Amino acid sequence: MRLPGVDPSKPPPGPFRADFWRSPLRGPWLTAVLGLVLLIGLPIVIITGLLSNDAYQPGLSFSNALGRNVNGPLDFYLFGWPTSPTWLYALTQGLHVTIGLALFPVVLAKLWSVIPRLFEWPPVRTPAHALERLSLALLVGGALFEFATGILNIQYWYVFPFFFTQAHYYGAWVFIGAFLVHVTLKFGTMRRSLKTRRELLDVVPEVGVNPSERSLVAVRPAQATMSRRALLGTVGAGALLLGLQGAGQSIGGPFRALALLLPRGRVRPGPLGFPVNKTAIAAGISAADVGANWRVMLVGKRAVSLSREQLLALPQHSYDLPIACVEGWSTTQRWSGVRLGDLASLCGVHGRATLSTRSLDPGTFGRASLGHEQVADDRSLLALRVNGLDLSPDHGYPARVISPAVPGDHCTKWVTMMTFTPVPE
Amino acid sequence: MTRPGELLQRFRALYGAGPLHLIALLVSFAIAAAAVVGWFDRPRDVVSVLIWFAAAAVLHDVVLLPFYSLLDRIAFGPRRARIDAERRARAVNPTPYFRIPAILSGLLLLTFFPVIFGFGAQSELLASGIRESGYLARWLLATGVIFALSGLAYARAIRASAAALRRTRPSPGGSPPPP
Chain A
2 MRLPGVDPSK PPPGPFRADF WRSPLRGPWL TAVLGLVLLI GLPIVIITGL
52 LSNDAYQPGL SFSNALGRNV NGPLDFYLFG WPTSPTWLYA LTQGLHVTIG
102 LALFPVVLAK LWSVIPRLFE WPPVRTPAHA LERLSLALLV GGALFEFATG
152 ILNIQYWYVF PFFFTQAHYY GAWVFIGAFL VHVTLKFGTM RRSLKTRREL
202 LDVVPEVGVN PSERSLVAVR PAQATMSRRA LLGTVGAGAL LLGLQGAGQS
252 IGGPFRALAL LLPRGRVRPG PLGFPVNKTA IAAGISAADV GANWRVMLVG
302 KRAVSLSREQ LLALPQHSYD LPIACVEGWS TTQRWSGVRL GDLASLCGVH
352 GRATLSTRSL DPGTFGRASL GHEQVADDRS LLALRVNGLD LSPDHGYPAR
402 VISPAVPGDH CTKWVTMMTF TPVPE
Chain B
20 MTRPGELLQR FRALYGAGPL HLIALLVSFA IAAAAVVGWF DRPRDVVSVL
70 IWFAAAAVLH DVVLLPFYSL LDRIAFGPRR ARIDAERRAR AVNPTPYFRI
120 PAILSGLLLL TFFPVIFGFG AQSELLASGI RESGYLARWL LATGVIFALS
170 GLAYARAIRA SAAALRRTRP SPGGSPPPP
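Taken in order, these protein sequences are the chains called A and B.
Quick note: the first sequence, position 76, residue 77 per our numbering, numbers continuous.
Quick note: the second sequence, position 17, residue 36 per our numbering, numbers continuous.
Bear in mind the hints are in silico, worked out from the structure with no lab data behind them.
Take the hints with a grain of salt, since some may be wrong.
Said to hold, decoys possible - Part of the chain B face toward chain A, derived, beta carbon under 7 Å:
no., residue
1, LEU44
2, ILE119
3, PHE138
As the structure is a prediction and not an experimental result, all values here were calculated from the model.
All C-beta atoms, glycine included, are put in the ideal place defined by N, C-alpha and C.
Turn these sequences into a full structure, and let the hints steer you where they fit.
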């Protein structure tokens with residue numbers, strides 16, 4: 002296949018010429034090692050990301066899907082979300098953000114190692130080659146889009162003009178499709194290249210190495226100023242530095258301070274200083290809203306309205322439960338309040354039921370739905386107190402939902418209405 | 020009548036690879052197309068998402084990578100390498116001990132610049148109630164610690180190489196090195 006005006010033997014000057022690329026470190030072995038790390042790490046990020054979509058239970062309600070259509074070809078979720086272990090979502094989402102951060106320098110190094118290929122000449126050899134390059138554009142664009150939006154989002158810099166969750170979810174699918182093809186087409190190359198550890202390539206170029214793989218090796222290398230091992234060590238140190246940021250904000254406690262460059266490395270002082278995802282001020286909650294006139298309306302077979310005093314008079318239960326944010330931070334505290342199951346009985350709903358809650362907060366996260374697994378779990382509470390104290394305004398006073406292993410967004414604060422809907426057994 | 024083998028050969032000649040190659044790529048494009056359909060759930064977002072998608076790849080390949088390569092070349096390029104080559108004859112090559120901490124510090128800056136420069140401070144205050152400040156100092160401190168550790172490693176390497184030199188060239192009349 003010849004493109005008009007393209008002479009395969011005469012590349013334009015600059016990066017299209019083979020002798021433009023001087024680093025002696027580039028070569029199939031380096032690329033293969035970085036590729037192997039990504040082949041192991043990226044599936045963890047992908048799977049935990051899809052599990053997070055599952056944990057939000059988008060099929061339960063429009064608000065859980067955060068405004069997404071849930072009937073498209075890529076909008077599936079496989080099962081209801083379990084309530085045990087309580088730290089399940091803290092773990093999966095902590096891994097998603099921590100491994101994602103740690104792989105960022107690996108992705109950058111991998112792209113650096115193959116950058117001469119972007120300028121290969123002729124740009125297109127065959128239809129197969131053209132399609133493969135198009136797929137690589139989706140692979141690289143998808144990876145960088147996902148890393149960029151994810152990394153900006155955990156730093157609260159909402160500079161992107163689109164809605165994060167939706168863009169990040171479908172962007173992931175573009176990447177997943179291209180990643181699967183890339184692994185399929187390149188797995189053999191990676192395995193062969195891992196065996197070519199030494200600079201044998203220059204001496205015996207024909208041993209199991211096809212010319213396109215060889216093209217990563219500089220034809221006129223500059224003097225080496227650092228070894229390949231040192232480069233890999235640097236990438237590893239970078240992965241560790243970034244991973245510690247994610248791990249610190251996820252594990253919390255004394256480790257939280259490790260996240261010294263993330264907003265969630267800090268907490269406010271005191272027993273109620275643990276992190277919140279939205280302050281009362283941001284949610285527009287006024288003192289009058291949550292004063293003596295506040296009631297929670299329970300809706301089931303009948304409607305019941307309860308004051309905070311009436312809630313406190315019901316049987317109280319205490320559990321250590323985490324709040325785990327989609328941003329990858331989590332915090333475990335001792336919550337006390339009324340079981341969701343008891344509240345369902347009060348309004349005449351017995352047996353399996355889902356719950357949708359409404360908050361005084363009119364924003365996107367002011368509504369959420371929990372599945373019947375969550376409602377039936379004894380540890381799911383309408384919490385009134387935490388760590389032995391009344392909730393503070395920022396933690397959802399007068400009452401908030403807390404449920405094991407659900408995303409923090411679903412632990413609705415400043416609850417004003419709870420609707421229990423029976424579901425068939 | 021053409022035999023299947025012949026057909027396959029003609030396909031390969033025309034396409035440049037086997038039919039499975041084509042099928043695998045078409046599956047991936049179909050998934051990408053479905054994702055674009057998904058983005059249309061919020062029609063007003065689609066254009067900006069696509070722009071960001073393309074910009075992510077272009078900015079990396081055409082701006083970020085050439086930029087950091089240039090910085091590296093200015094700091095540790097051929098002139099530096101020549102000096103290193105002269106030094107290597109007698110001591111430890113110092114370049115990696117500057118370059119590696121510089122890369123790590125740059126990586127932290129690239130990843131966390133929104134926090135370091137407080138770009139998300141307003142949204143963070145609304146979310147967490149914490150006023151975001153002091154991250155520039157934290158990054159500078161981290162950079163200082165990384166360079167200091169590298170300096171220690173450099174000092175150790177120099178001492179080790181000096182010790183190795185003494186072992187290979189024992190001073191005349193001195194006691195033999197311990198076994």
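Right, here's what the structure says about each hint:
{"no.": "1", "hint": "LEU44", "verdict": "holds (5 Å)"}
{"no.": "2", "hint": "ILE119", "verdict": "holds (5 Å)"}
{"no.": "3", "hint": "PHE138", "verdict": "holds (4 Å)"}
Consistency with the previously given hints is maintained throughout, with no hint failing.
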